[in-house]
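In the numbering used here, the protein residues as written are 1 to 209.
Treat the hints loosely; a few may be bogus.
Stated by the list, open to error - Derived SDA-like pairs (lysine to any residue); straight-line CA-CA distance at most 25 Å: (1) K188 - G143; (2) K188 - D178; (3) K188 - H153; (4) K188 - R20; (5) K188 - G19; (6) K188 - R128; (7) K188 - D167; (8) K188 - G168; (9) K188 - E177; (10) K188 - L174; (11) K188 - G150; (12) K188 - T151; (13) K188 - D144; (14) K188 - Y110; (15) K188 - H175; (16) K188 - E21; (17) K188 - D116; (18) K188 - M152; (19) K188 - E161; (20) K188 - G154.
Derived by calculation from the structure, the hints in this document are not laboratory data.
Here the structure is a predicted model, which is why all the values come from computation and not from measurement.
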Amino acid sequence: MPRTPDDVHWADYNAAQQGREVRPLCREVMELAGPGAGRQAVDLGCGLGLETRALLRAGWRVHAVDGEPGTGDRVLTTTRGCDRSRLTVEVRRFADLAALPPADLVYAGYSLPFADPGDFGRLWAVVRGSLRPGGWFAANLFGDRDAWAGTMHGTFLALSEVRQHLDGLQIVELHEEDGPGSSYRGPKHWHAFHVIARRPETPFSDTSP
Numbered sequence: 001m002p003r004t005p006d007d008v009h010w011a012d013y014n015a016a017q018q019g020r021e022v023r024p025l026c027r028e029v030m031e032l033a034g035p036g037a038g039r040q041a042v043d044l045g046c047g048l049g050l051e052t053r054a055l056l057r058a059g060w061r062v063h064a065v066d067g068e069p070g071t072g073d074r075v076l077t078t079t080r081g082c083d084r085s086r087l088t089v090e091v092r093r094f095a096d097l098a099a100l101p102p103a104d105l106v107y108a109g110y111s112l113p114f115a116d117p118g119d120f121g122r123l124w125a126v127v128r129g130s131l132r133p134g135g136w137f138a139a140n141l142f143g144d145r146d147a148w149a150g151t152m153h154g155t156f157l158a159l160s161e162v163r164q165h166l167d168g169l170q171i172v173e174l175h176e177e178d179g180p181g182s183s184y185r186g187p188k189h190w191h192a193f194h195v196i197a198r199r200p201e202t203p204f205s206d207t208s209p
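All chains should be modelled from the sequences, with the hints used to inform the complete structure.
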């Protein structure tokens, strides 16, 4: 079957990720959450599995999710040498993702912004619904002033919308980036929100959009 433009884009992107360091937000939430000790993590939009590998090495059980064909082979290659009895890989596009395993940590590194705007609320509810009491959530989200807003089909949020989606969670970090930077495609203006939040230990009523 011929590859679609999206398939080509993500194949090129994944190839460009070879050898990069674990993303800072993932390192930070792992430090805050402490040793995995067999707890469940989700790497949502896992790509090559670089953060999946870091989580496995820190003692987490990891459910790695990505919709791109070949994800299973890529993640298995990246995690060679890890205890893969604690690893599950789900190849599923966000539009088809109905549930996630109950998790003590959900990491979504620059993946949620690529959800269709009409599907973002449902996907956000799936992520929030998977968090166990005390569970950690870390994500990089695109802001509405990002250079890619209006040029690609994705979800770009204002700060007020980010706060609305986080309602009911304990916000540990909410850092707004708004300025020039680089991407694997070259220079661009970044507008992004780097979020770490935690579900309260006591039950809450989830009324997020």
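inquiry  = Holds or violated: K188 and G154, Cα atoms, limit 25 Å.
reply    = Satisfied, since the Cα-Cα distance of roughly 16 Å is no more than 25 Å.
message = What's the verdict on K188 and M152, does the C-alpha distance respect the 25 Å limit or exceed it?
response = Roughly 14 Å separates the two Cα atoms, so the pair holds.
request  = With a cut-off of 25 Å on the C-alpha distance, tell me whether K188 and G143 pass.
outcome  = Holds, because 13 Å separates the two Cα atoms, which is no more than 25 Å.
ask   = For the pair supplied as a hint, K188 and R128, is the alpha-carbon distance within the 25 Å limit?
value = violated (31 Å)
ask   = Do the alpha carbons of K188 and L174 lie within 25 Å of each other, as the hint requires?
value = holds (22 Å)
message = Just to be careful, I want the Cα atoms of K188 and G150 compared with a cutoff of 25 Å; is the pair within it?
response = holds (14 Å)
message = Hinted pair, alpha-carbon criterion (25 Å max): K188, G168. Please report holds or violated.
response = violated (33 Å)
message = Against the 25 Å threshold, does the CA-CA distance of K188 and D144 hold or violate the hint?
response = holds (14 Å)
message = Run the distance test for K188 versus R20: straight-line Cα separation, threshold 25 Å.
response = holds (19 Å)
query = Holds or violated: are the alpha carbons of K188 and Y110 at most 25 Å from each other?
reply = Given that 25 Å is the threshold and the Cα spacing comes to 15 Å, the pair holds.
task = Would you mind confirming whether the straight-line C-alpha gap from K188 to H153 stays at or under 25 Å?
result = This hinted pair holds, its Cα atoms lying about 17 Å apart.
inquiry  = Check whether the Cα positions of K188 and E177 lie no farther apart than 25 Å.
reply    = Holds - the C-alpha atoms of E177 and K188 are around 12 Å apart, at most 25 Å.
Checked against the numbered hints above, the structure breaks hints 6, 7, 8 and satisfies the rest.
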